[in-house]
Every structure is written in structure tokens, then in C-alpha cells.
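These protein sequence lines map, in sequence, to chains A and B.
Reading the first sequence from the start, the letters are residues 144 to 521 in our numbering.
Reading the second sequence from the start, the letters are residues 144 to 521 in our numbering.
Careful: at least some of the hints might be erroneous.
For chains that are exact copies, the list does not tell them apart, and a pair is met inside one copy or across any two.
[Unchecked claim] Under the rule of at most 30 angstroms between Cα atoms (straight-line distance), these lysine-lysine pairs were calculated in the DSS-like manner:
hint, residue 1, residue 2
1, K145, K177
2, K394, K460
3, K166, K348
4, K166, K460
Hints listed in this document are in silico derivations from the structure and should not be mistaken for laboratory results.
2 protein chains.
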Amino acid sequence: MKPRLFTPGPTPVPEETLLELAKPVTYHRAPEAKAILAEVSEDLKYVFQTTNPVFTLTSSGTGGMEAAVSNTLAADEKAILCTAGRWGERWRGILKAFGANIVAVEVPYGKAVTPEMLERALSTHPDAKAVFATLSETSTGVGHDLEAFGKLVAKTPALLVVDGISGLGAMECHVDKWNIDVCVTGSQKALMMPPGLAFVSVSGKAWRKIDSTPVRNFYFDLRRARKSLAESDTPFTPGHTLIRAQRVSLKKIRAEGIENLWARHARIASACRAGVQAMGLKVFAERPNNALTVIAVPQGVDGTATLKALEKKYGYKLADGQDTLKGTIWRLSHMGYTDAFDVLGALSAIELVLLDAGFKLEPGAGVSAFQKSYAAGK
Amino acid sequence: MKPRLFTPGPTPVPEETLLELAKPVTYHRAPEAKAILAEVSEDLKYVFQTTNPVFTLTSSGTGGMEAAVSNTLAADEKAILCTAGRWGERWRGILKAFGANIVAVEVPYGKAVTPEMLERALSTHPDAKAVFATLSETSTGVGHDLEAFGKLVAKTPALLVVDGISGLGAMECHVDKWNIDVCVTGSQKALMMPPGLAFVSVSGKAWRKIDSTPVRNFYFDLRRARKSLAESDTPFTPGHTLIRAQRVSLKKIRAEGIENLWARHARIASACRAGVQAMGLKVFAERPNNALTVIAVPQGVDGTATLKALEKKYGYKLADGQDTLKGTIWRLSHMGYTDAFDVLGALSAIELVLLDAGFKLEPGAGVSAFQKSYAAGK
Chain A
144 MKPRLFTPGP
154 TPVPEETLLE
164 LAKPVTYHRA
174 PEAKAILAEV
184 SEDLKYVFQT
194 TNPVFTLTSS
204 GTGGMEAAVS
214 NTLAADEKAI
224 LCTAGRWGER
234 WRGILKAFGA
244 NIVAVEVPYG
254 KAVTPEMLER
264 ALSTHPDAKA
274 VFATLSETST
284 GVGHDLEAFG
294 KLVAKTPALL
304 VVDGISGLGA
314 MECHVDKWNI
324 DVCVTGSQKA
334 LMMPPGLAFV
344 SVSGKAWRKI
354 DSTPVRNFYF
364 DLRRARKSLA
374 ESDTPFTPGH
384 TLIRAQRVSL
394 KKIRAEGIEN
404 LWARHARIAS
414 ACRAGVQAMG
424 LKVFAERPNN
434 ALTVIAVPQG
444 VDGTATLKAL
454 EKKYGYKLAD
464 GQDTLKGTIW
474 RLSHMGYTDA
484 FDVLGALSAI
494 ELVLLDAGFK
504 LEPGAGVSAF
514 QKSYAAGK
Chain B
144 MKPRLFTPGP
154 TPVPEETLLE
164 LAKPVTYHRA
174 PEAKAILAEV
184 SEDLKYVFQT
194 TNPVFTLTSS
204 GTGGMEAAVS
214 NTLAADEKAI
224 LCTAGRWGER
234 WRGILKAFGA
244 NIVAVEVPYG
254 KAVTPEMLER
264 ALSTHPDAKA
274 VFATLSETST
284 GVGHDLEAFG
294 KLVAKTPALL
304 VVDGISGLGA
314 MECHVDKWNI
324 DVCVTGSQKA
334 LMMPPGLAFV
344 SVSGKAWRKI
354 DSTPVRNFYF
364 DLRRARKSLA
374 ESDTPFTPGH
384 TLIRAQRVSL
394 KKIRAEGIEN
404 LWARHARIAS
414 ACRAGVQAMG
424 LKVFAERPNN
434 ALTVIAVPQG
444 VDGTATLKAL
454 EKKYGYKLAD
464 GQDTLKGTIW
474 RLSHMGYTDA
484 FDVLGALSAI
494 ELVLLDAGFK
504 LEPGAGVSAF
514 QKSYAAGK
């Protein structure tokens, strides 16, 4: 059986990127290593759609989120937290650990925080120093209207800090045009790499806040990173073989063109949602994003057992719901080195496993609806 | 020309470990991934010579050091810092960032902090909460007598926290027997891996201090790591393809046996020092360790230019001195996937480049002294 990875991180990685990882290790302070970091940093600016520097940290995405919190906020400073799921809660955990005064704007899982809700919070809390939001809430499949968030936050002294880990590079996101002050992503989602690197962009407005905030840690101190990156270097030994491999995947993104990539993901996501609905299933997210499709498990089907059968019988590895959502949703990623035909195959396998589970559907309903939508897209 | 890596991190990685990195990415929460983490954690305990848990963090070694500081010390608590070079200074930087009250026990570069110096500091500062030390001070080649340090610190309420990044797995180190409470290492030195993972062991005495210390961060919070590791898991997406590859290199270490590995490195280091001296050169470190040999550049030789020529003409990449030592020392690693014959080759190339630089030596003096010493060793 052919194993196929559809979890919303990690995602499939191109063969040439993997093979780069198998090359001999070289010295991380050599001029060649610095040239690679410089190139990767430029390509990241393109992916982020920013003219500001993008820093490469050797850590999970959560490490990048910690850098965002610890550099921008002093203890007890007020932060508006927009939370619509587990990854919003990750912001909360970090904010708590760093002693922030948290004002939470919360919605039930499956819903999105609206610009109106944020607007009210900003007007009630004009002393907020930063707003923390999530581009793609991968736990529910919700996407946030960051363009609208950015317009609101830009009018205030607060920073807009975004977890773009599970969406950046797959769904439309203009860091500069949308006024995102700090944006974080990780290597293992849309950027077609194994985990191990986090990337963080920092705006001029964010630097002014950072430069007037006391240092709170060492490893994630962005001031150190800024000083090093000016010399195409890192303050500590980086995961430089990962950086070398990230270069290969970023070149693939540049070759496709970021607008084309966004459009392709939008077309796939739209077709996938059409396929899901044609099977008689529901999309879980109220405001679904294009990085993944989250399917509500239908009544009478054991979500966790069926997902296991999907992997065991057909080789397709999707992700279950987390925490309270376990068994109630299936999360199907379109990110990374994944194309329309991969997603079509996944829908085929989902049809089959649902039939095995006794769920009533017309075989081919999902895949033909996918095909119809995809063919109509452009 | 054949490039050969002799920098004291990163070090050469076995081909089978590199090829593991080229395998397809799988899901990091799958039972197979947990089984691998469990296995790696056990093998790390063997390498550390501890029965305590060893945590795998996705970061550089410095991230592991930050975990050690931030978990064991509250702000303003007193820490005794033993510093004999750049890596002792790394401890200082982290301690400063976390607001420790630092009592520094310092020696000039090339010297080692002695147990007597530490004993005095401990008796003058009975309120010290922890002692920070370095196993292999890679910037100078010095090794510290951690066995003696451990005996002294064990008699006090303080913790012994050790940076073992550049030595653990190459030179003798018994974490439990020597009373090391927190020991940190990284993947890219003696553990035969690319950079990207840090490993941290924690003793029962250290846990008691950690559990009574306020949480200071999130990503490096060892309490979270402890909770996850109890289920063979990590709190955040780990660099799991690196962990998978680390397993391969750890198996190589287990197959050789840690005592055999220490003995082999001791024999190589001894032969290397004999070779260096037979060339008319001096070993820089007063108390040299077995992870690397640091050679004092002889008078009349341009250290930096000659090192560049060594790489360009003969393919051997050694490391220059750092900061004020630049141009005055050469650092030749024996760590990682390196054996006696590799080091012999490096000495041959050093002889040649010194002859090219007009330095007077008998060709073969170094390599034959190496051979003589190595043959006499066992």
C-alpha cells in the first residue's frame, strides 16, 4: 500500500528537497552557508509579501510564536487575543507564560472572530499593546479576515501579531499590504519542508515597540537575530542543513509564483468542499480557509475508527480532531507538495471508507463534484 | 578535491543517518513516531549515563542552555558561573537575560576553572542556587574536571548545570555518578547529526528546584516536556525527521559502546597532541579535552590565511579562533563520524600547509608521532 500524508502539518516534501537533506554536512559559518541564508531570507520576504526582514529560527512554529510574544510585550501589558480554536489557545498559553494582561475575544470552535468583534475590543481597550490572531485556525479549518483586522489595528498604536503557521504560503496573505506587524510561520506546512524551522517577519512599527521593551529571553531575542541577519548570519548554530533544503522548496514556490499558488489552492479548496458536500457531508468551518478542508463526521459514523481504517485500508493519513473535537471532524490538508490530483485521490478513499462504514452515498458523487468544480475553476 | 569537515560542530554525519533524512515525511503524532522518540530517549540516557529522563528540544544547543537557566532560576537568584571561554560566556549571556545574580569564577582563555576555585566560590556564596559549567570549552580546547565539581556541588543545595554540547558522547562524562543535575547537549557535535536538536537531562534534585520556580517561558518549559515525554511525546511539533535520523546515529554509538567510544577518542586525542608537538607546535589548552585539539598558531605564521589555504589546497576545514583568539589558534575536532585515520590525514595536511607557509618542520614528524602514539595506545 502507498502511504499518503494529508495531515495539516507535517505535509509532503518534494523529493529534491529531501535529497538535499541527505547531502554531507558543511560548516555553518562558511561564506556558502551565509549566501544560502541570504537567499532564503529574500525568498521568504517574497512568500510573506513583505519588504521587512524575515528571521529564520531553529525551532517549531511555537518557538516563533514565543519570539513574537516575548519581544513585543513587557509583563502586565495588555494584549487582545482573538481565539477561535486550539491555535488561538496556543497564543493564550504563551501570553500567560509571559504574564500578559489578556483580553480574549473568543468564538466557539468552527466560528471565526469577526472584524466587528475586534473593533469593539480595540475601542474598549485603547491601551492594548498588541492583537494576537491566527491566519488559518487549523484545528477547525476557519480562516480569519486579516485584511480587515489589519485595517482596524493599523489605526491604533497596537501591533497586529499573526500566527500564519498553517496557512502562509497556501492562502492569500499580504504581510505588508494587510498591516501585519509580526507574522510567524513554520517550515512544515505550506513551505514544503520537514519541521524544525520557524520564520518571523517584523515591521518598522513592531521594531519601535521591541526596541523599547525589556529583553525577556536570549534564544528568541529578535534584536540578536536582527544584528546577525544584517551579516547574513544567525546568533546561534542554526539548523543549516534544513535551511539549505528550505531553499530548494522556496525556489519551487518562486517558480510557480505566489499568486498562482494562492489561486491553485483556492481552486483545490473550492473543489474539495464541493466534493465533500456532494458526498452528503458538511464542511465544519463557518469561514473555511484554503489551506485545508475540515469535514464534520456524519451522524452514525465513528470518526476516529473510520479515520484509522482510511489509513490502514487505503493509506491515506488525515488528522483527527483535537481535544474536544476528537472523533467529530476529519482534517484534510491541501498544503505542501500536494496538488489537485492528490486531493481527488483522498476524496476517493474517503468515499470508499464511508461506504465500508455503512454510510449511504453514491460512489463517485464526491470525486465527480470535485472534478466538475475544478474544471470550472481557473 | 575531497572536502573534509573538522570543525568542532558541525561534524561529519554517517551516510546512513543522512539517508534517513531523505526518507518521506510522516505524521509526528503517529504511534511509530512516538516509538522512535521513546527509543531515542532511552539511547540518550545511555549516552548521558543517567537514569533520569533526557528531553529532546527542537533548537540549537543554546536553546537547551536557555531551558536549563529559565527552568532552574527565578529572577535575582544567585548563580555561580564558571567561565573559561566563549561558551562560559554563553552561559553568562543567558543568565543576564534571565536576570540572575551572577558570581563569576573566571580564568584566562586557555586555562581551566579549578575545583579549588569553585570550592571557594561555593563557600563564599552558600546562597547560590546553581553552578553553571562547561564540559568541553570548545573555544580553547579546555576540559573541566566535572567529577570534582560534582563532588563539591553535591554537598550544597545548589544544582550543577553543565553545557556538555561540545563534549558529551566524545569524552568521559557520567551524568549521574558525577552529580550533574542538568546536562545539555546538541545533535551536531559528538552525536553525529546535523544541528537542530538539543537534549537536556534533569535530576531529581533539579526537579525539586524547577517545581518550586515560577514559569518563565513556554517553548522551553521543561514541565511541559516532562508531561509529554511520559507519553513518549513532545509538547510541540518536534523536528521529528531529525529525531528519526538521530536514532540511527545513536544506534551506532550503542553498537560501539560508550566506554569504547570514550577510550577511542582519548587515544585519538592523545595521538593528535603527540603529532602536534612533534611538528614543533603547541597545544593551546592547559587541560586539553578529548573532543578536539586546539593548536596554538606558531610565531611567524598567519593563522587565518594558513587555515584558509588548508581548506583551499587540501580540502581540510578546521575552525579558526573566535573573537580575540582569531588567527592565533586552530581548532581540530575529533568528534562525530571521525576516526583515527581521518585525524591522521588532517595532520598530514597541516604539515603540508605549514611547509607551504615557510614554517620549518621535518615532513612526516607529526604523522609518525601520531602513528607511534596511536599504536602504543589501546
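Each hint tested on the structure:
no. : hint           : verdict
1   : K145 with K177 : between (39 angstroms within a copy, 21 angstroms between copies)
2   : K394 with K460 : both (27 angstroms within a copy, 29 angstroms between copies)
3   : K166 with K348 : neither (40 angstroms within a copy, 42 angstroms between copies)
4   : K166 with K460 : both (28 angstroms within a copy, 17 angstroms between copies)
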